[in-house]
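Got chain H; can you put chain A on it based on the hints?
Protein sequences, first through last, are from chains H and A.
For any residue, its number in this note's numbering is found by taking its place in the first sequence, counting from 1, and adding 102.
For any residue, its number in this note's numbering is found by taking its place in the second sequence, counting from 1, and adding 208.
None of these hints come from the bench; they were simulated from the model.
Keep in mind that a hint or two might mislead.
[Stated by the list, open to error] In silico lysine-lysine, DSS-like type, Cα no more than 25 Å apart, as pairs:
{"#": "1", "chain 1": "A", "residue 1": "Lys266", "chain 2": "A", "residue 2": "Lys286"}
{"#": "2", "chain 1": "H", "residue 1": "Lys117", "chain 2": "H", "residue 2": "Lys180"}
{"#": "3", "chain 1": "H", "residue 1": "Lys180", "chain 2": "H", "residue 2": "Lys119"}
{"#": "4", "chain 1": "A", "residue 1": "Lys250", "chain 2": "A", "residue 2": "Lys267"}
{"#": "5", "chain 1": "H", "residue 1": "Lys113", "chain 2": "A", "residue 2": "Lys312"}
{"#": "6", "chain 1": "A", "residue 1": "Lys250", "chain 2": "H", "residue 2": "Lys180"}
{"#": "7", "chain 1": "H", "residue 1": "Lys113", "chain 2": "A", "residue 2": "Lys250"}
{"#": "8", "chain 1": "A", "residue 1": "Lys250", "chain 2": "A", "residue 2": "Lys286"}
{"#": "9", "chain 1": "A", "residue 1": "Lys267", "chain 2": "A", "residue 2": "Lys312"}
[Unchecked claim] Computed list of chain H residues with no C-beta within reach of chain A, every gap over 10 Å:
{"#": "10", "residue": "Val114"}
{"#": "11", "residue": "Glu122"}
{"#": "12", "residue": "Leu123"}
{"#": "13", "residue": "Asp126"}
{"#": "14", "residue": "Gly130"}
{"#": "15", "residue": "Gly142"}
{"#": "16", "residue": "Arg166"}
{"#": "17", "residue": "Phe168"}
{"#": "18", "residue": "Gln182"}
{"#": "19", "residue": "Arg202"}
[Stated by the list, open to error] Partial list, derived from the structure: chain A residues whose beta carbon lies under 7 Å from chain H:
{"#": "20", "residue": "His220"}
{"#": "21", "residue": "Ala254"}
{"#": "22", "residue": "Gly304"}
{"#": "23", "residue": "Gly311"}
{"#": "24", "residue": "Lys312"}
Cβ atoms here follow ideal geometry from the backbone N, Cα and C, with glycine treated the same way.
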Amino acid sequence: GAGVSQTPSNKVTEKGKYVELRCDPISGHTALYWYRQSLGQGPEFLIYFQGTGAADDSGLPNDRFFAVRPEGSVSTLKIQRTERGDSAVYLCASSFPGTRQFFGPGTRLTVL
Amino acid sequence: ILNVEQSPQSLHVQEGDSTNFTCSFPSSNFYALHWYRWETAKSPEALFVMTLNGDEKKKGRISATLNTKEGYSYLYIKGSQPEDSATYLCASLASGNTPLVFGKGTRLSVIA
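So here's chain A without its partners, still in its complex pose:
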C-alpha cells in the first residue's frame, strides 16, 4: 500500500512571497506523480504529471521537481498571488490503470 505524505499541512504567505511544499511517496512501485490544485467547490485541476527521475516542469509561476530514487517531489510557487490560494494535492500512481493515492494536501492561503 502506498503512503503519500505532504508537508506542511497549511501555509499562510504574503502576496509576492515565493513558497514551496513537499510530497513524499514510496520510491518502489512508482509509475507517476500527479500534482493537483483544488479550490473549494471546484474540480481538482491537474497541474503536472511527472514520471522521470529529475523531471522539472513549469506552468507560469508554478514549477515542480521529481526525485523518484528518494521518493519526493517539490512544488514551487514564485511571487504568490491571492488567486493561488487553494489546496495543493499530490498523488502517486503505481501503474497506469491503478487509482491515485493522494496525500492530505497543503492548504495555501495568500494574503493580499
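This is chain H alone, in the form it adopts within the complex:
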C-alpha cells in the first residue's frame, strides 16, 4: 500500500480480555516499530523488528505484551489480560534500516 495501515482504528474492550492490533507496513520496509502513546505522554517505544525477528523488545512493559512478524511484513501486537492502564494509542512505524520512519494512524485502545 501507499502508507502504513493499522487495524482496527479503535478498539474498546473489557478488563481481562485479549486483544490483537495489526500493522501493515509499507511494502519492502524491513524495519518495523511499535510505540504506545498514553494520555499526556509522548509516544514510547515498545518493540522493534528487523525482518521477522525482534531486534529490540526492551520497551514491552511486561509479559502480557507480545508481538510477532512471522513473514517479515505484517505485524501483530498481542495484549493478554488487558488492564485499564493499557488504554492508549498504539502506533506502528516502518522504514528501510537506518532511514526515516513512516507512521500509521494508530489504534486507539480503550480498556473499560
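Then chain A, alone, in the frame of chain H:
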C-alpha cells in the same frame, strides 16, 4: 537513556501570529533529531530530519534549527493558520537503527 523535553506543553495563538517551540535532548550519543506534526486520528507526519549542528531546514511557513552541542532544536511557524493546529513532536535518535525517543509534544491551537 535519552530524555527529550518539549516546551511549552500547549500553546494558543491567533491566526497570523508567528510562534516557536523548543525541544531539548541529551547532546551525547546524538545521531539525528526528527520533528513530526500529528493531527488527531491521522498518522504523525514527518516535518524534518536534522543531523548536523547548525542545521536549518524550512518547509513552507515552518522552519527548524538544530544545536547539537547544547542539545536543543527550535521549531518556528510563521503566520500561523488554523490548519497548523496539531501536536508537534520531536524525537531523538541515538543511532540509525534505534527507536525514536519522543518528547511529550507541544499542542498548538490556532484560533481564527
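Tested hints:
1. Lys266/A - Lys286/A: With a Cα-Cα distance of about 11 Å, the restraint between Lys266/A and Lys286/A holds, given a limit of 25 Å.
2. Lys117/H - Lys180/H: holds (14 Å)
3. Lys180/H - Lys119/H: Roughly 11 Å separates the two Cα atoms, so the pair holds.
4. Lys250/A - Lys267/A: It holds: about 20 Å lies between the C-alpha atoms, which stays within 25 Å.
5. Lys113/H - Lys312/A: holds (23 Å)
6. Lys250/A - Lys180/H: holds (22 Å)
7. Lys113/H - Lys250/A: It holds: about 16 Å lies between the C-alpha atoms, which stays within 25 Å.
8. Lys250/A - Lys286/A: Distance of about 23 Å is within 25 Å: holds.
9. Lys267/A - Lys312/A: holds (23 Å)
10. Val114: holds (16 Å)
11. Glu122: holds (20 Å)
12. Leu123: holds (15 Å)
13. Asp126: Check passes; 13 Å lies beyond 10 Å.
14. Gly130: holds (17 Å)
15. Gly142: violated (7 Å)
16. Arg166: Arg166/H clear of chain A: closest Cβ-Cβ about 20 Å, beyond 10 Å.
17. Phe168: The claim stands: Phe168/H keeps its Cβ more than 10 Å from every Cβ of chain A (closest is about 17 Å).
18. Gln182: holds (23 Å)
19. Arg202: violated (6 Å)
20. His220: At about 18 Å, which exceeds the 7 Å cut-off, the nearest Cβ of chain H leaves the hint on His220/A violated.
21. Ala254: holds (6 Å)
22. Gly304: holds (3 Å)
23. Gly311: Where the cut-off is 7 Å and the nearest Cβ of chain H is about 5 Å from Gly311/A, the hint holds.
24. Lys312: holds (4 Å)
Comparing the model with each earlier hint shows violations of hints 15, 19, 20; every other hint is respected.
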